[in-house]
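With numbering that gives the first Met the number 0, letter number 69 in the sequence shown gets 68, and the count goes up by one each step, no holes.
Be a bit skeptical, because a hint or two may be false.
Capping the alpha-carbon separation at 20 Å, the derived lysine-lysine pairs in PhoX-like fashion look like this [what the hints assert, rightly or not]: (1) K38 to K12; (2) K49 to K38; (3) K65 to K49; (4) K38 to K80; (5) K68 to K12; (6) K38 to K72; (7) K68 to K13; (8) K12 to K72; (9) K13 to K38; (10) K49 to K63; (11) K38 to K63; (12) K72 to K13; (13) K65 to K13; (14) K80 to K49; (15) K49 to K72.
Cβ pair distances, simulated, as ranges [unchecked claim]: (16) A71 to S31: 16 to 22 Å; (17) K65 to R28: 17 to 23 Å; (18) Q33 to V58: 17 to 23 Å; (19) E56 to A36: 21 to 27 Å.
Hint data in this document are derived by calculation from the structure and do not stem from the laboratory. Small disclaimer: the values here were computed from a predicted structure and weren't measured. From the three backbone atoms N, C-alpha and C, an ideal C-beta is built for every residue, glycine too.
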Amino acid sequence: MFYTYIIESETTKKLYIGQTNDIDDRLHRHNSNQNLATKNRGPWRLLFFKQFNSRAEAVQLERKLKAWKNPAKVRQWIETKP
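Build the full structure now, drawing on both the sequences and the hints.
Written out as structure tokens, the structure reads:
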């Protein structure tokens, strides 16, 4: 399984959007400063994730969300998800 996920920095409130095949390990790596883009900006908490059967599907949603370039729009999108 593959996942598209959105995490939020508890200190800066910034969002990070990514995709992975192991969401628990990925969140751990974000929180232990093993990712250059999120290093020293945590702690991070999981706001949203969606499971897919293929990496291509997960990447497709990741690219769509990143293309918005508007955290408020991403947050609003999360709120409309069941």
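For each hint, the structure was consulted:
1. K38 to K12: holds, 14 Å
2. K49 to K38: violated, 24 Å
3. K65 to K49: The given pair, whose Cα atoms are some 15 Å apart, holds under the 20 Å limit.
4. K38 to K80: Roughly 28 Å separates the two Cα atoms, so the pair is violated.
5. K68 to K12: holds, 15 Å
6. K38 to K72: Roughly 24 Å separates the two Cα atoms, so the pair is violated.
7. K68 to K13: It holds: about 12 Å lies between the C-alpha atoms, which stays within 20 Å.
8. K12 to K72: Measuring from Cα to Cα gives roughly 14 Å; hence the hint holds.
9. K13 to K38: Judged against 20 Å, a Cα distance of about 13 Å means the pair holds.
10. K49 to K63: holds, 13 Å
11. K38 to K63: With a Cα-Cα distance of about 24 Å, the restraint between K38 and K63 is violated, given a limit of 20 Å.
12. K72 to K13: holds, 13 Å
13. K65 to K13: Holds, at about 13 Å.
14. K80 to K49: Measuring from Cα to Cα gives roughly 10 Å; hence the hint holds.
15. K49 to K72: holds, 17 Å
16. A71 to S31: 16 to 22 Å: With Cβ atoms ~29 Å apart, the hint is violated.
17. K65 to R28: 17 to 23 Å: Because 19 Å falls inside the window, the suggested range holds.
18. Q33 to V58: 17 to 23 Å: Since Q33 and V58 have Cβ atoms about 21 Å apart, the given range 17 to 23 Å holds.
19. E56 to A36: 21 to 27 Å: 22 Å Cβ-Cβ, so the 21 to 27 Å window holds.
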